[in-house]
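> Chains D and E, in that order, are what the protein sequence lines are. Those letters in the first sequence? Residues 1 to 543, per the working numbering, in order. Those letters in the second sequence? Residues 1 to 309, per the working numbering, in order.
No wet-lab data here; the hints were simulated from the structure. Bear in mind the structure is a predicted one, so any value in this text is a computation, not a measurement. Accuracy of the hints is not assured; some may be wrong.
[Said to hold, decoys possible] According to the in silico footprint, chain D covers these stretches of chain E (three or more CB under 8 Å from chain D):
id, region
1, 27-38
2, 49-61
3, 247-253
[As the list claims (entries may be wrong)] Derived coverage of chain E by chain D (criterion: at least 3 residues anywhere in the stretch with Cβ under 8 Å from a Cβ of chain D; other residues may be distant):
id, region
4, 69-82
5, 144-153
6, 156-162
7, 259-273
C-beta atoms are modelled at their ideal positions from N, C-alpha and C, and glycine is treated no differently.
Read off the chains here:
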Amino acid sequence: MLINRRHTLGLFGAAAGSLILPRHLMAQAPRRSITIAVQKITNNNTLDIWYEQSNVGERVFFPNLWEGLILRDWMGNQGPVPGLATEWTRLDDRTIELKLRQGVRFHNGDELTAEDVVFSFSDERLFAGTEPAGGKTLYAENFKPQNAKELPASVPGVARRLWPALRGVEAVDRYTVRFHNATPDITLEGRLYAFGSQIANRRAWDEAATYAEWANRPVSTGPYRVEEFRPDVSLTLVAFDDYWGGRPPLERIRFVEVPEVASRVNGLLSGEYDFACDLPPDQIATISDAPGLEVQSSTIWNHRVTVFNKQNEILADPLVRRAFTHSIDRQAIVDALWGGQTDIPAGLQFDSFRTSNMFVEGWAAPDYNPELARDLLKQAGYNGDPIPYRLLNNYYTNQTPTAQVLVEMWKQVGLNVEIEMKENWGQIHDPEGTRGVFDWSASNNINDPVTPLVVQFGPNGEAQQKRNYWNDEMNELSAVMETSMDAAARQKAHARMLEICEREDPAYTVLHQNAVFTGMKSELNWKAAPAFAMDFRAANWTV
Amino acid sequence: MFPFILAKIARAALTIVLVMTFAFVVLRMSGDPAQVLLGPDAPQDAVDAFRERWGLNDPIWQQYLAYLEQILTFDFGVSMRDQSPALDLVLERIPATLAITIPALILKIGIGIPAGVYAALHRESVADRGVIMLSIFGFTIPSFVLGLVLVLIFAVTLGWLPSGGQDTWQHAILPIATLSIGGIGILARFSRSAMIEVLGQPYIRTAMAKGLPWRDVVWKHALPNAVIPIITLIGFMVGALIAGAVVVESIFSWPGVGRLIVVSVANRDLAVVQCLLLVIAASMVVANLCVDFAYGLLDPRLRQKRAAH
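So here's chain D without its partners, still in its complex pose (with noise of 0.2 Å):
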């Protein structure tokens, strides 16, 4: 057989084909979907980052759905990393100002500009005219609601607790931006990564009908987008293939709503489910020991603690709440309930404050000292009368198990707790009745302890606003914490907060860190982040 010309382009042709062919293939090659059986997938039936505030939210939402202009490192020190911005610079201690990424995509096709930063900070959107602390907001003009929307009543609040003082945000062009506080705040960068600050995509706002339809269904910029939100029964995200950080490695995730703990064990044990999340401890065994199944634990940012009420006259005398902190064996509640699978923290510190330079080293826990504590209720003139301990039944995993262990501890020292269960938390804080203590967790959100120590225990925090725990000095370092520009001088404020609250005059004990317990398929090569959320980014992703 002659081989002409023509065949020689043909071969040349194969050849080149064959080359080329495969890796264009690889790169389209059909994607895995997972389904995951979560308990809840969203409280309150919207993906709105600001009405949906919550450790169920956090995992349906990052980093998958919704991001901001500064990312928090999920994977690594949670520390914060580029993102929608791509370099943030001080102009003074109130001003930030910002580069955005230039040819990143929302789900709707749009480019991402300052138009949509400004959107997502503004009134129309978050603060419903509510003004910022120590100033007035700026550009507020500059938004008309297109149709009849109604924010939740509750998002102005909750925007403002994490942006008490901004004042708007300035687009200097079409892709910086400026964040103009009221008044000085060392912590602008971590609110900036912190649950809620998210961008959101102006025109799909503007074209929705309203706040429900637009909640079921926000347009931003993740590496996944919304297909389908059924409340309460599953939420499918799927792959957004012009996301900036490359083609997402999934298909589809489908987050599947399966309240009881059995079911989701059952469907994980029947290949049904490829990830079962929030299992008990008790549960690990039955899946790590079944073929081809691993639970993976992570400590996450959020710590469990026991609160006292001041108002109640036996813990009025801090010698009192100081013998329920040396009364716990914290150890022993993580090894008989936590199988170990958990930790005790320095107090109320978490290790992101390293990163910001604030964690105060040699602090830690009250000590395990039953003498100790019998002896501060000797000097109280504690003379055995009940404390009530209102307690959910397992809001948080493990709670009525170790408000029994606690109790029991308490009750080795001297101090009479009884349980009164409670429905929800408006029972819990119901002031009508003597309250006394009661179970709360505490969560990092900017790797500064501005989060949980001054916003759940400050003067605005919820411990003060009702009425459980007050303290001037307390209140002076919070301003500090919020205020100063002065690393050393607010170092100083949270070890003596830290002193206040855990020693001299307690607020709250911590007891341990939390921890979350997911079942998954072992062939899947994905790692649990110390979060509630679930990375499905490339990089997290490599199957």
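Guided by the hints, dock chain E onto chain D, whose structure is given.
Using the frame of chain D, we list chain E on its own:
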């Protein structure tokens, strides 16, 4: 007859109003929806704004009057969670629940009654003892245990059926089985005892004495008389079609009315809970009304008695 129907309808309406009122008061006495929905970390400003928005600061009687006014205009309010109309949320879930409760009811009636009648006609036989044993098993085992056992067998061990969800028709099999097994047991026991009682009546002896074939004795004389207590029971089952699957829907992650009840009550989503209770009470009351009227159709003696009044 007409006054009888009118009295029944008036009583049904009163029942619904009482249920509505009771639910309204109890829900508001047992927890602040603002605190429940916004969670333990919500800032006070947000809680206050929420209470203001939903009128929770008004006196309870004022809230109740506003609620009654709404209901009279067929406005059932909106969900405090996502601002969706409460009635839409409820109506959206009803088909999913009926998709498992109606087949389960058919199975209960189709298996339970024949099994009970057969056992009664073959009293003291092996079949009779078998039916008694299985029916006791059926109605004593709690549905949450039965459901999980069925999942363990058919989903986890054998891998024949899905363990939960609502994606395909196969997903409905285990919930329907779980719902129906208890009801089959109850109906079998009830039908058996009703038939046994009727078979001991003098008119059955008379029918047999006059030489009627056994089949005619059973079909024409025994069954029509035994059916009255069974109809009462079936009436309850029909009334529970909408709200009778709370546990099963939770076990099988079936997105029906039962799941909505659990979530809405837990969140104190007042408008949705009130709307749900209204629909459930109405369905129960209507089912009972139908049973009352059915008595008259099935039993000529009752019909005559009512006509006489």
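> With reference to the structure, classify each hint as holding or not holding.
How the hints compare with the structure:
{"no.": "1", "hint": "27-38", "in the structure": "holds (count 9)"}
{"no.": "2", "hint": "49-61", "in the structure": "holds (count 5)"}
{"no.": "3", "hint": "247-253", "in the structure": "holds (count 4)"}
{"no.": "4", "hint": "69-82", "in the structure": "holds (count 3)"}
{"no.": "5", "hint": "144-153", "in the structure": "holds (count 3)"}
{"no.": "6", "hint": "156-162", "in the structure": "holds (count 3)"}
{"no.": "7", "hint": "259-273", "in the structure": "holds (count 7)"}
Checked against the numbered hints listed earlier, the structure breaks none of them; every hint is satisfied.
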